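There are 2 protein chains.
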Amino acid sequence: MTRTPIKNLAPFPDGFVTVAGWVETVRDQKKVQFVILRDESGAVQLVNPATRDLEDGASAEEHAAAALTETIGGLAHGTMIRVTGELKHDERVKLGGIEVKIATLEVVSEALPETPIADDSSLDKRLDWRFLDLRRPEASLIFKIQTTFEHALRSWWVERDFIEIHTPKLMASASESRAELFEMEYFETKAYLAQSPQFFKQMAQPAGFGKVFEIAPAFRADPSFTSRHATEFTSIDAEISWIDSHEDVMQMHEQLLAHAIGAVAAKHGAAIEAAFGVELSAPTTPFPRIPLAEARQIVADGGYEIPRADGDLDPEAERRLSAWVKANHGSDFVFVTDYATGIRPFYHMRREGDPTVTNSYDLLYNGTEISTGAQREHRLDVLIGQAREKGLEPEELEFYLDFFRYGVPPHGGFGMGLARVLMLMLGLGSIRETTYLFRGPTRLLP
Amino acid sequence: MTRTPIKNLAPFPDGFVTVAGWVETVRDQKKVQFVILRDESGAVQLVNPATRDLEDGASAEEHAAAALTETIGGLAHGTMIRVTGELKHDERVKLGGIEVKIATLEVVSEALPETPIADDSSLDKRLDWRFLDLRRPEASLIFKIQTTFEHALRSWWVERDFIEIHTPKLMASASESRAELFEMEYFETKAYLAQSPQFFKQMAQPAGFGKVFEIAPAFRADPSFTSRHATEFTSIDAEISWIDSHEDVMQMHEQLLAHAIGAVAAKHGAAIEAAFGVELSAPTTPFPRIPLAEARQIVADGGYEIPRADGDLDPEAERRLSAWVKANHGSDFVFVTDYATGIRPFYHMRREGDPTVTNSYDLLYNGTEISTGAQREHRLDVLIGQAREKGLEPEELEFYLDFFRYGVPPHGGFGMGLARVLMLMLGLGSIRETTYLFRGPTRLLP
Chain A
1 MTRTPIKNLA PFPDGFVTVA GWVETVRDQK KVQFVILRDE SGAVQLVNPA
51 TRDLEDGASA EEHAAAALTE TIGGLAHGTM IRVTGELKHD ERVKLGGIEV
101 KIATLEVVSE ALPETPIADD SSLDKRLDWR FLDLRRPEAS LIFKIQTTFE
151 HALRSWWVER DFIEIHTPKL MASASESRAE LFEMEYFETK AYLAQSPQFF
201 KQMAQPAGFG KVFEIAPAFR ADPSFTSRHA TEFTSIDAEI SWIDSHEDVM
251 QMHEQLLAHA IGAVAAKHGA AIEAAFGVEL SAPTTPFPRI PLAEARQIVA
301 DGGYEIPRAD GDLDPEAERR LSAWVKANHG SDFVFVTDYA TGIRPFYHMR
351 REGDPTVTNS YDLLYNGTEI STGAQREHRL DVLIGQAREK GLEPEELEFY
401 LDFFRYGVPP HGGFGMGLAR VLMLMLGLGS IRETTYLFRG PTRLLP
Chain B
447 MTRTPIKNLA PFPDGFVTVA GWVETVRDQK KVQFVILRDE SGAVQLVNPA
497 TRDLEDGASA EEHAAAALTE TIGGLAHGTM IRVTGELKHD ERVKLGGIEV
547 KIATLEVVSE ALPETPIADD SSLDKRLDWR FLDLRRPEAS LIFKIQTTFE
597 HALRSWWVER DFIEIHTPKL MASASESRAE LFEMEYFETK AYLAQSPQFF
647 KQMAQPAGFG KVFEIAPAFR ADPSFTSRHA TEFTSIDAEI SWIDSHEDVM
697 QMHEQLLAHA IGAVAAKHGA AIEAAFGVEL SAPTTPFPRI PLAEARQIVA
747 DGGYEIPRAD GDLDPEAERR LSAWVKANHG SDFVFVTDYA TGIRPFYHMR
797 REGDPTVTNS YDLLYNGTEI STGAQREHRL DVLIGQAREK GLEPEELEFY
847 LDFFRYGVPP HGGFGMGLAR VLMLMLGLGS IRETTYLFRG PTRLLP
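From first to last, the protein sequence lines stand for chains A and B. Okay, so the first sequence: first residue is 1 according to the working numbering, each after it adds one. Okay, so the second sequence: first residue is 447 according to the working numbering, each after it adds one.
These are calculated hints, taken from the structure and not from any lab test. Note that the structure is predicted; figures quoted are calculated from it, not measured. Note that beta-carbon positions come from the ideal geometry of N, C-alpha and C, so glycine has one too. Take these hints with a grain of salt, some might be off.
[Unchecked claim] Far from chain A by the CB rule (all over 12 angstroms, computed), these chain B residues:
{"hint": "1", "residue": "L500"}
{"hint": "2", "residue": "T525"}
{"hint": "3", "residue": "S623"}
{"hint": "4", "residue": "T731"}
{"hint": "5", "residue": "I752"}
{"hint": "6", "residue": "T818"}
[Said to hold, decoys possible] Partner residues aside, some chain B positions facing chain A, computed with beta carbon under 7 angstroms:
{"hint": "7", "residue": "K476"}
{"hint": "8", "residue": "T593"}
{"hint": "9", "residue": "M649"}
{"hint": "10", "residue": "T680"}
{"hint": "11", "residue": "A739"}
Work out the full structure, taking the sequences as your base and the hints as a guide.
So, in structure tokens, the structure goes:
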């Protein structure tokens, strides 16, 4: 009999069904046994009248019933079972108003009796046993949300003639900076892992692709242990041609996010509220835009002195600015624009007439930065000058500089961390919760 | 004035439009100049009546017209320009029956006059200048097809409640074999690049995710230089729970492909026929299934002796078998099933009652293997025995073996090379043509 996903049982008429999943709990009472069975879609109560203490001369059926009772009594949490039984609708059953009376039960794969993690295990311990941690419905919900979110992003792009690219992660040089770079032997030479798809998504512009996107891993040999950093993360990237400034990138960015968050809210809104206490809805566009200098002033006026010398916001300033924006503009998002040249990479275009400021932005969501976007410098001589100014050797960048020698349209784009967006969307405390398998300086397992 | 993509011009009424793109050709005749302008969507003819040899006392307008004529005459192939002009429908114009009479022309980004590649450049040389090579409409078409194909795959999965996962590419051990493994320093230890998402997509099964998919890079330190191999490739992966055998995986696989190829044919069929001479249509399901032993017999009956000792097919045998299937079953696809245990990895399940054969398959498409699929061994003791038999130390696989200790459903899946599918779909000679930026033993640039 074909397995029915548990979430699809409710509309079925009373009658025989087959379900399969893992044992969440067993209540082994004297006269009746209850099993909560969970699969990828939900949980259902299984019930079995207990048959114990057979008398001499018991029938074969009675022996079978007693064996079933014993099997159920011995089921360890997590054991995978397949059950055929009689579905009954009964509104007294708290779990969905249905239960399945067990006819046959097959133990498909036994679990060790001692589960290595419990509800109160530390995050680190849970990550050691991530495949068990992910059995929590609120954990797998995160990845169902991820699926909806990404599919909505891609659908928005595909409907607008963006081209999906897969840029190489093996590179002959650094893509962002010499710091935080993973290096490896590569046949007769060395290779580096891409810190971002920056150079290669820009390559699509002289290639005439027009508008491109990619969702793919990026790698940073970053020794930090914050709740927002990982050595490997999923980067959401887009790059578009023929822009007038970073304003065109921001418009694409906010429309894209409004669409994708709206799709998540429509499909998972109730589940998100139940699991995380968050009322999610599609954000209103346009998002507020605040130049960095003004943002710093707002934070200073709020009584916070940013303890860093480079002029950037720190995490506390991001939180304060976001709170101010929420209070004054009602938005969970804010574009902080016009970043100072000193804290931006060489390839960001600088403002015409004021080279101290770049045509760039950071996007904050619920208090934390999720993305950097910019117009790119596409004029070769200016680009080389900016690279030199940042201490880079144009010789090392030859393959990249070539992209600008045979005609290139004005262009720009953004990169955005998937796990960060999900963390902030759901009000969670760490990207470790929103990453399938987190990678950090001391974590390569499982 | 907002830029209009060239493909959208035709329905416009006669009147002013702005277009932008790169100069494909200039025909600089005595009395009139023609520019073929191309953008990501198509090409259009621009026209300008030439103004030359001004007489003394020429008006400002005449001087401006002469300057425009000179600019157009000096346009290098590839230069990016933005043009506003008057759109005219004229059925005598071969290129789409429209032309744009130039009013203003802005040179946005000049190309060096000597283009480093030409139509007759070698593939290797074209790859050196991939961003110029990709300007060919038939090259960018490949990535438009890729976009449609992948979006159709994901839509099929998403509609069926598959969860999208992003498995880590940084690992503490080999995922497939010690051979062909990229190794790197990772803080205080060593890390390896994932050769496939195998272990981690399997992890989703004890995690209770049910059905998962991923499209992501995989890495092989493979020193070979064939038209089918790369050191980095995009792997299409799916894994599903509660299967009865590899037959369930094959059914998912063929339905998925029929849907996605149908989507490509519907959207790009005419363009594919024009560019590649291929008539594409959705394949009929089910695909033929032929056990490996029978496949070998078919090839032997055809007069070809496979020059390898391990019992597998070689590329020539794959071509011959596919030709036979095409002739006898009318199918471009064939599942070769029941691979011998000796040529399959330790995690493939073996047939009950005949451990010399695995519950696995290869999928051939137009003569070449594009995918391997299998039911996985989920019984821990059997799995450990098979690992030992293949010379692996269970100690090194502890984190993977843990996945099988706390309950795991029967499961299986496949991995499929994106660039191979596209190469075979379009009848191209190498995955270098269907990869955005190819990576091989001697190629890390651009």
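Structure-based check of all given hints:
{"no.": "1", "hint": "L500", "result": "29 angstroms, holds"}
{"no.": "2", "hint": "T525", "result": "5 angstroms, violated"}
{"no.": "3", "hint": "S623", "result": "18 angstroms, holds"}
{"no.": "4", "hint": "T731", "result": "19 angstroms, holds"}
{"no.": "5", "hint": "I752", "result": "30 angstroms, holds"}
{"no.": "6", "hint": "T818", "result": "20 angstroms, holds"}
{"no.": "7", "hint": "K476", "result": "27 angstroms, violated"}
{"no.": "8", "hint": "T593", "result": "4 angstroms, holds"}
{"no.": "9", "hint": "M649", "result": "5 angstroms, holds"}
{"no.": "10", "hint": "T680", "result": "5 angstroms, holds"}
{"no.": "11", "hint": "A739", "result": "30 angstroms, violated"}
Against the hints set out earlier in the document, violations occur for numbers 2, 7 and 11.
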